[in-house]
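Asker: Listed below, chain by chain, are the residues.
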Amino acid sequence: MAVRERSVDAASLQMLKVAEEADIATVWDRFESQQPQCGFGRLGICCRNCFMGPCRIDPFGEGAQVGICGATADTIVARNLLKNTAVGAAAHSDHGREIVHALRMAAGGKSDAYKIRGPVKLHKLAEEYGIARHDRSDDEIAKDLAELLLAEFGRQEGVLLNTARAPEQQQRNWAALGTVPRGVDREVVTAMHRTHVGVDNEAEHLLLGAARTALADGWGGSMIATDVSDMLFGEPKPLRSRVNLGVLKEDEVNILVHGHEPTLSDVIVAASQDPELLAEAAAKGAKGINLAGICCTANEILMRHGVPIAGNFLQQELALMTGAVEVMLVDVQCVFPAVTEFQKCFHTKVVSTSPKARFPGATHIEFHEEHAMETAKKIIRMAIENFANRDPARVTIPATQEKLVAGFTTDVVHEILGGKYRPSYRPLNDGIQTGRLRGVAGVVGCNNPKFPHDGSHLAMVKELIRNDVLVVQTGCSAIACGKAGLLTPEAAEAHAGKGLGEICRAVGMPPVLHVGSCVDNSRILTACVEMVNEGGIGDSLDKLPVAGAAPEWMSEKAISIGMYFVASGIFVVIGQALPVEGSAAVVEMLTQTFEKHFGATWAFEPDPVKAAHRMIDHIDRKRADLGLPPPMYEVPYAPKTNGAARAANRTVSTGGQPAGEAGAAVAASCRGPRIED
Amino acid sequence: MKRLVADPIRCLACRACEIACALAHAETDDLAEAIADPGTRPRIYLESAEGLAVPLQCRHCEDAPCVAVCPSGALSRSSEAEPVLADQQKCIGCAYCVQACPFGVIRVATDQTVVIKCDLCIGRQGQGLPPACVAACPVGALWLEEMDEVAKRSRAKAAAGAAAASLTNEGR
Numbered sequence: 213m214a215v216r217e218r219s220v221d222a223a224s225l226q227m228l229k230v231a232e233e234a235d236i237a238t239v240w241d242r243f244e245s246q247q248p249q250c251g252f253g254r255l256g257i258c259c260r261n262c263f264m265g266p267c268r269i270d271p272f273g274e275g276a277q278v279g280i281c282g283a284t285a286d287t288i289v290a291r292n293l294l295k296n297t298a299v300g301a302a303a304h305s306d307h308g309r310e311i312v313h314a315l316r317m318a319a320g321g322k323s324d325a326y327k328i329r330g331p332v333k334l335h336k337l338a339e340e341y342g343i344a345r346h347d348r349s350d351d352e353i354a355k356d357l358a359e360l361l362l363a364e365f366g367r368q369e370g371v372l373l374n375t376a377r378a379p380e381q382q383q384r385n386w387a388a389l390g391t392v393p394r395g396v397d398r399e400v401v402t403a404m405h406r407t408h409v410g411v412d413n414e415a416e417h418l419l420l421g422a423a424r425t426a427l428a429d430g431w432g433g434s435m436i437a438t439d440v441s442d443m444l445f446g447e448p449k450p451l452r453s454r455v456n457l458g459v460l461k462e463d464e465v466n467i468l469v470h471g472h473e474p475t476l477s478d479v480i481v482a483a484s485q486d487p488e489l490l491a492e493a494a495a496k497g498a499k500g501i502n503l504a505g506i507c508c509t510a511n512e513i514l515m516r517h518g519v520p521i522a523g524n525f526l527q528q529e530l531a532l533m534t535g536a537v538e539v540m541l542v543d544v545q546c547v548f549p550a551v552t553e554f555q556k557c558f559h560t561k562v563v564s565t566s567p568k569a570r571f572p573g574a575t576h577i578e579f580h581e582e583h584a585m586e587t588a589k590k591i592i593r594m595a596i597e598n599f600a601n602r603d604p605a606r607v608t609i610p611a612t613q614e615k616l617v618a619g620f621t622t623d624v625v626h627e628i629l630g631g632k633y634r635p636s637y638r639p640l641n642d643g644i645q646t647g648r649l650r651g652v653a654g655v656v657g658c659n660n661p662k663f664p665h666d667g668s669h670l671a672m673v674k675e676l677i678r679n680d681v682l683v684v685q686t687g688c689s690a691i692a693c694g695k696a697g698l699l700t701p702e703a704a705e706a707h708a709g710k711g712l713g714e715i716c717r718a719v720g721m722p723p724v725l726h727v728g729s730c731v732d733n734s735r736i737l738t739a740c741v742e743m744v745n746e747g748g749i750g751d752s753l754d755k756l757p758v759a760g761a762a763p764e765w766m767s768e769k770a771i772s773i774g775m776y777f778v779a780s781g782i783f784v785v786i787g788q789a790l791p792v793e794g795s796a797a798v799v800e801m802l803t804q805t806f807e808k809h810f811g812a813t814w815a816f817e818p819d820p821v822k823a824a825h826r827m828i829d830h831i832d833r834k835r836a837d838l839g840l841p842p843p844m845y846e847v848p849y850a851p852k853t854n855g856a857a858r859a860a861n862r863t864v865s866t867g868g869q870p871a872g873e874a875g876a877a878v879a880a881s882c883r884g885p886r887i888e889d
Numbered sequence: 004m005k006r007l008v009a010d011p012i013r014c015l016a017c018r019a020c021e022i023a024c025a026l027a028h029a030e031t032d033d034l035a036e037a038i039a040d041p042g043t044r045p046r047i048y049l050e051s052a053e054g055l056a057v058p059l060q061c062r063h064c065e066d067a068p069c070v071a072v073c074p075s076g077a078l079s080r081s082s083e084a085e086p087v088l089a090d091q092q093k094c095i096g097c098a099y100c101v102q103a104c105p106f107g108v109i110r111v112a113t114d115q116t117v118v119i120k121c122d123l124c125i126g127r128q129g130q131g132l133p134p135a136c137v138a139a140c141p142v143g144a145l146w147l148e149e150m151d152e153v154a155k156r157s158r159a160k161a162a163a164g165a166a167a168a169s170l171t172n173e174g175r
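Protein chains in written order, with my numbering: chain D, 213 to 889; chain L, 4 to 175.
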């Protein structure tokens with residue numbers, strides 16, 4: 213693969229040239245050395261679950277069609293998918309548990325760094341869960357809340373409390389299929405049990421197990437992680453920041469935080485502004501301490517503090533190749549073990565911090581919430597010390613960086629759309645009902661060297677917004693679009709269709725909303741619930757004109773996310789297929805039968821524009837089912853209905869009101885987001 | 004002519020060669036589509052013997068029995084430096100070649116009308132690419148090599164052994 217085909221991002225291409233000249237291997241080189249990749253793995257038909265095996269099924273139908281135990285391709289494929297889902301759910305949920313631990317510590321006054329910074333969210337949740345608030349301090353309430361939420365992980369009886377947030381239809385679907393999630397940990401443990409040799413063997417039953425496990429993530433582990441992060445680290449509000457490798461600074465101590473949990477990175481943000489440390493940095497000749505993020509840790513501290521983002525998943529090595537990073541601090545998830553190799557080429561120190569995750573060659577400074585500030589300062593001092601070792605001759609910082617607006621949440625959207633004195637989703641639902649807005653799409657997920665870096669995210673998101681579909685984003689997908697300037701209000705002028713453009717202009721918001729990290733996909737679920745509750749566009753999630761996608765997905769977490777969206781009634785299209793194609797029956801269940809169960813299916817489509825069209829087709833079908841009019845304005849990808857019916861519908865739906873007036877009404881009911889610099 | 008050489012000691016029996024071969028000879032580049040077509044078949048075979056996995060494929064024999072018995076001229080080679088190829092237009096599906104092949108690496112296609120066998124991926128080789136099975140092998144257990152080179156390597160190995168034996172006998 214030629215270097216120019218590896219990414220569509222200018223800064224990344226510049227760094228890849230540096231890599232080529234210096235003969236430093238990156239993820240793309242390692243990807244090539246793995247080609248061709250194992251067909252059995254891709255098709256999902258190898259089984260390593262017992263040690264009579266390993267077994268695999270001959271996909272050409274000639275050799276072995278069952279494993280030694282008698283498992284068919286259907287069983288093996290479904291069992292493997294259940295296992296992948298459980299791992300993904302475990303990752304999000306274990307992250308969530310850590311955050312709740314930190315909340316409990318903060319409430320108990322046992323931490324030098326944490327306190328309740330999101331009191332509104334605290335009280336909202338306390339009310340929801342029935343925790344007494346009268347005459348009690350925030351800490352007392354938080355302590356009860358932390359205990360209650362920790363119990364959700366180990367819950368042995370009943371069902372996850374948050375499932376009550378779902379519309380009735382979803383709850384009925386789950387009950388009918390036996391997929392109502394119980395305790396978060398319980399679902400993961402049960403899933404792992406079911407994949408053991410000789411336990412669960414029926415493909416459809418296994419897939420419903422995967423749905424149940426994923427629901428425990430989406431409505432449990434991930435949702436708790438988001439709620440408690442907002443409570444503990446502050447509720448995000450729209451703010452401006454910058455993104456791409458150009459945010460690294462030549463004359464400052466650069467510290468990269470990479471991974472997922474905000475517990476340490478949030479404290480690092482505070483510590484990096486400590487006057488004492490800044491003085492120490494100055495004494496070493498640095499003009500300041502510059503913090504930047506990679507992956508979802510970056511999204512967490514961007515959302516709450518406006519800390520700039522250096523890059524997404526496939527840029528983790530490229531950021532180190534700038535030669536300007538003193539310390540890369542890593543915790544858990546999506547961190548390449550290869551990052552420590554760069555310590556051999558550059559002065560950079562990789563510091564691992566999680567008791568769960570070690571990296572050969574890294575310096576391990578274990579992080580415990582009790583001593584958060586102390587640990588943060590120690591790591592920053594290490595970076596300051598290391599500044600002197602930077603070799604200016606080996607520094608290459610691309611000039612490329614882009615402005616963005618982030619910090620959108622389910623709650624913030626109320627205010628942005630409805631106004632501070634009348635927070636409401638009404639204008640959003642109105643926009644959809646009139647056809648000014650065609651629908652809403654969530655575009656999320658990873659990067660994957662199987663696709664040109666960022667290429668699919670950008671192509672898909674641009675196609676959606678020019679067709680008047682509002683896009684919400686998390687994770688590395690949001691970072692990709694940030695780098696391309698799509699997370700700015702100005703992007704509405706350049707890229708959005710007329711209807712979406714009008715709404716963005718009226719409200720002053722970008723056509724693509726950054727809602728956070730990958731656990732924050734739960735915000736998309738709760739935002740969809742708000743849309744249902746507001747009324748007029750369907751009384752259950754599966755009726756909403758919405759769709760989801762992960763065009764460059766690569767992780768097991770992405771499988772869990774996709775599965776909880778589908779099981780919650782939201783159509784999901786992903787770039788490469790799930791590793792299930794070795795079983796035609798399982799493919800059919802996921803892409804067809806699930807419609808009957810959950811009102812939504814999976815779809816696999818590697819071409820990002822075709823995938824966007826499948827999302828739009830789905831949105832159009834939902835609009836038609838709801839009796840909503842076709843899009844108000846001409847759109848490049850027109851609905852697949854006949855023109856006459858469209859015209860007739862339009863007159864009825866807008867009640868003869870000219871489009872311009874409707875636009876003005878939206879404008880009047882909205883106020884611009886309060887964007888903090 | 005370079006021929007395929009397989010090293011059963013290295014082979015880990017992952018069957019990546021079989022999948023790559025079948026895909027290289029399928030109507031599509033998409034694996035999921037290819038396996039849905041019952042006609043997609045590999046031309047390389049992994050056989051098990053003495054606890055080892057042995058990749059087998061057409062040896063492209065100098066005096067090829069399959070060419071000799073083919074009544075319709077479907078099996079042929081344009082010169083001794085070229086692989087033995089099966090022309091499916093001419094093949095009548097009599098399967099004499101299948102019986103004649105001492106390695107069992109020619110077989111009747113799924114639709115029973117023609118035979119299929121290894122063509123050393125001449126199409127890929129024409130583009131400067133190695134055969135699909137060679138490219139797919141993750142452990143380097145398959146490669147293309149001139150038989151003279153193989154013999155030379157064997158001689159060098161034998162010579163080293165003989166030299167070592169002589170030195171030992173001399174007590175040096």
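A couple of the hints might just be wrong.
[Unchecked claim] Reference excerpt, derived from the structure (chain D facing chain L, CB under 8 Å, subset only): (1) Cys250; (2) Gly251; (3) Ala276; (4) Pro791; (5) Glu793; (6) Ala797.
Calculated directly from the structure, the hints in this document are not laboratory data. Glycine residues also receive a C-beta, built at the ideal position from the N, C-alpha and C atoms.
Asker: Against the earlier hints, flag every one the structure doesn't satisfy and list their numbers going up.
Answerer: As far as the earlier hints go, 3, 4, 6 are violated by this structure, in ascending order.
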